[in-house]
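J.: Now for the letters of each chain:
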Amino acid sequence: MSTVAIPARQRTNVAGNVWAFVRHHVLALYAALFFLYLLLPIGVVVVFSFNQPVGKFNYTWHKFTFDNWRYWNGVPGIQGAIVLSLEIAALASLIATGLGTMIALALVRYGFRGRGLTNLLIFLPLSTPEIVMGASLLTLFLNLNFVFGFWTILIAHVMFCISFAVVSVKARLIGFDRHLEEAAMDLGANEWVTFRKVTLPLIAPAILAALLLCFAVSVDDFVVTYFNSGSEVTFPLFVWGAARIGAPPQVNVIGSAIFIIAVGAMLLNVFIQTRRSKGAVAV
Amino acid sequence: MTQSQFTRQELLRRGLAGSALLTVPGLLAACGSGGSKAAVTTTGGKQQMAKTLHFSNWTLYIDVNNKTKAHPSLQEFQQKYGTHVDYVEDINDNASYFGKIQGALSRGQSIDRDIVVLTDNDRYLSLMIKKGWAEKLDKAAIPNIKNLVPVQRHPTFDPNREYSLPWQSGMTGIAYNDKLTTPVLSVTDLLENPKLKGKITCLNSMGDALTLVMLANGDDPSKVTDKSFNAAFTRIKKAVDSKQIRQFTGNDYAPSLAKGDLAAAMSWSGDIAQIGNSHIHWNVPKDGGALWTDNMIIPKGGNVYTASVYMNYVYDPAVMGLMEAGDPKKNITGIYYIPPVIGAKEAALKLNPSVANNQLIFPSAKTLSQVHLFDSNALNNQKYLTQWQNLISA
Amino acid sequence: MKWFHRHRGLMPYVLLAPGLAWLAVFFIVPLGFLAYQSLQSGNIDFGYAFTWAWGNYGTAFTDYRSEFVRSIEYAGIATLLALALSYPVAYWIAFRGGRWKNLLLLMIVAPFFVTYLIRTLAWETILSDNGLVVRTLQHLHLVSPGGHVLATGTAVVAGITYNFLPFMALPLYVSLEQIDHRLIEAAEDLYASSWKAFLRVTVPLSLPGVVAGTLLTFIPAAGDFINAQLLGAPQNHMIGNVIQSKFLELTDYPAAAAMSFILMGAIIIAVAAYARAVGTEQLSGTAV
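Residue numbers (our numbering), protein chains in the order written: chain X, 1 to 283; chain U, 284 to 677; chain S, 678 to 965.
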């Protein structure tokens, strides 16, 4: 028990406090710059969606106009492309999340032979270059005489979304408190009822996160879709084709719209969860 | 994500409504061979027009109403024949488009297209015909074929015009931005003027690029030898290594030219007219330029009758005149390339005199003498092709 | 229900079957076809034949070695940049985010919702020769006057870095968030300065996130071709561009297939080394 140690620690604390204060603000400033950098291209996209370009190319600011938003589907093909993308994304994320949740449950809850292999199989699509996945899938479809179009695109999208779903749900399941399920079963519920009434609601945020992640990945996919779309045109494919000659402002409009809707949905989700956790009993 | 209390009802309401869309029949539909979306050709008896004509084309290659973005010639076709034209501008490069469709075609599957447009100074057009992946035209349905300009009637890849008909021709030359450079009028200037370093692009099409450079070398592009190929190739490679050439492009040089990132570009005649920037000028190079023609063909599985009727419609001088020149009074922009139809100029004169008198769109005999075709045998030479691809994409 | 009780041991397999079957059919089998194709020879005019053409691999490697190397180089630099840029932010959100954590995470992921191509094209606009950014860089003498940023390796790397930032930031955040703060307090109680505590406690504990983020960024970056095509010059083309041109433009499928496998092989070796170090559980427990 020495009295020397205490003043030393106090001195360190003062300096430490100042340092921590400075560092705290530096970090915040840095984070602000980081987000600015992240959102810079998005800002450009949104701003130029209101541009009325001179000639065909939307690269220099000319005049402000709402026309692009009003006639968002004025460019032939753009409406079909975005509708197709949204349809595929919705279906693919549902299927992939379903399959992925089951795999995640198996991985976390059960012991079985072939865990390592399963983990590797889940990880491989995440680590395969898109061009390899796209081209090899093309070869498969050709050899099986599949007709290219909506279904080949959907199959491809489900394939690379499964891994995202597994990863997302698994992270949640690992931290899951089994006692709740045990309690339910002690009270007479069988496995299926327990699953429906206890497990599923509690992993719902993870499932939702998986859905959102899969949706984002699917709506954005270009390379794999390019190889397997036949003559269907999804929105990224449309952008690629249009960009060659100067993408019309409507492309910016749709890009901005997706961004705004996505952010809005997430904000809503966060808002609702905050409201709920204020009044709810934490589990 | 924070914990939250979700009741079963909320979960159902929120996320799972769409799962009913999952159908097994749909997956089964994906299997099986054939099954073309383009209507099946009726043989013999009364020919019927399909409900939809699937037409794949290059970008900015048809008349367009600037306000509504619709295509007047296609709308009129629908009014006249009742067939809706599903017009997709998904071709911006012969090679990648062919690469996408060849898989299905090589297995005898249809690609759900009735008409596609490919260029004659790339090997894919002749390849499609040679491999039997193109349907024969229904010439009985194309009486207007008599309006085809004489010079296009017997091309080497389709001597009797049984599989293809020209859509538009164009010339390859040099465009420059007068705000950024003095006039660039020769290939030598383009590739070797140090003031243009890093501010020019070359076309990624072997036929186009080599024609221009061979002419600048004094060689004949319609009879390519190893010696003339190597001379031209080396010259271009030098410009790549010295970073004179910024990028190899398809028609994506246009945005960069418009933006001012490029001072000059090897480019196609019609694109420049469409940029609408008065500072950008296009010229046939001093030593000569290239002439190429985009052709319509019917890929295997396409509806021959409907496609042929469409081709006939397009070969009507009045229609071609409108497509070509547009109509400034109705805010319609035309194609601004070189039409293959006799009488189109006269029709265009009535709608848009300035276009009708534009050398780029209706070139005089003198201008036409300055542009040359590329040797189609060289286009199929795998050695040349591999060397070229290595240069432009590696 | 009784069936399940009696066949309890089968449960995991029942759960795994549909998903794994999908992956097996639509991921593994295609790779098998690709392998088969990589050993073929021939061309589009006369068809392809299976000839055990191992030479395809050799040729692919020797002919395009510079592109392979360049891809690793660009992907590597981009990954390091992404790590350097994301770590402070991930740290800030995990440790100081408080109740705004989710919102901030959302702001990292949100740009991801705008199509990849549109984002990259926006960079083409931002970095155009006469744009504000390039002119500022010219003033600062970081770019030579009259020079350009587009069509250079810098633009390509910048594009790759930007496009994969969320892949790096999110795993970093996850592992940083899970760190038990009591460990840091303990370190500080033991007289460590907060900087030392950071270095000795936080950083090592965040290593799984670092490795996960690195893998999730590096791997797709190495195979990317869009940034190189839109933002680069021919000298900046990556192996992805070559594979693309072989597949689509030269229709030289055997060569393209061989090249794809070489790329994949290099990646699998890296993954195997990682799996050996941290165990395969980490593989599927990474990312979100």
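For the record, the hints were derived by calculation from the structure and aren't laboratory data. Note that this is a predicted model, so its numbers are computed, not measured. Wrong hints could be hidden among the right ones.
Label pairs and their calculated CB-CB ranges [unchecked claim]:
| id | chain 1 | residue 1 | chain 2 | residue 2 | range |
| --- | --- | --- | --- | --- | --- |
| 1 | S | Ser870 | X | Leu187 | 23 to 33 Å |
| 2 | S | Trp777 | X | His179 | 23 to 33 Å |
| 3 | S | Gly709 | U | Lys429 | 28 to 38 Å |
| 4 | U | Thr517 | S | Phe727 | 32 to 42 Å |
| 5 | S | Ser870 | X | Phe35 | 21 to 31 Å |
| 6 | S | Leu876 | X | Lys63 | 46 to 56 Å |
| 7 | X | Val83 | S | Gly775 | 18 to 28 Å |
| 8 | U | Lys506 | S | Ala726 | 56 to 66 Å |
| 9 | U | Lys526 | X | Val83 | 42 to 52 Å |
| 10 | S | Gly724 | U | Thr517 | 48 to 58 Å |
| 11 | S | Phe727 | X | Asn145 | 11 to 21 Å |
| 12 | U | Asp461 | S | Val810 | 17 to 27 Å |
| 13 | U | Pro477 | S | Gly775 | 34 to 44 Å |
| 14 | S | Trp731 | X | Ile174 | 22 to 32 Å |
Backbone N, C-alpha and C define an ideal beta-carbon position, used for all residues, glycine too.
J.: Now, for every hint given, state plainly whether the structure supports it.
T.: Here is what the structure says about each hint:
no., hint, in the structure
1, Ser870(S) - Leu187(X): 23 to 33 Å, "52 Å, violated"
2, Trp777(S) - His179(X): 23 to 33 Å, "31 Å, holds"
3, Gly709(S) - Lys429(U): 28 to 38 Å, "55 Å, violated"
4, Thr517(U) - Phe727(S): 32 to 42 Å, "37 Å, holds"
5, Ser870(S) - Phe35(X): 21 to 31 Å, "29 Å, holds"
6, Leu876(S) - Lys63(X): 46 to 56 Å, "54 Å, holds"
7, Val83(X) - Gly775(S): 18 to 28 Å, "40 Å, violated"
8, Lys506(U) - Ala726(S): 56 to 66 Å, "33 Å, violated"
9, Lys526(U) - Val83(X): 42 to 52 Å, "43 Å, holds"
10, Gly724(S) - Thr517(U): 48 to 58 Å, "33 Å, violated"
11, Phe727(S) - Asn145(X): 11 to 21 Å, "19 Å, holds"
12, Asp461(U) - Val810(S): 17 to 27 Å, "26 Å, holds"
13, Pro477(U) - Gly775(S): 34 to 44 Å, "58 Å, violated"
14, Trp731(S) - Ile174(X): 22 to 32 Å, "44 Å, violated"
In summary, the structure is inconsistent with hints 1, 3, 7, 8, 10, 13, 14 from the numbered list given earlier, while agreeing with the others.
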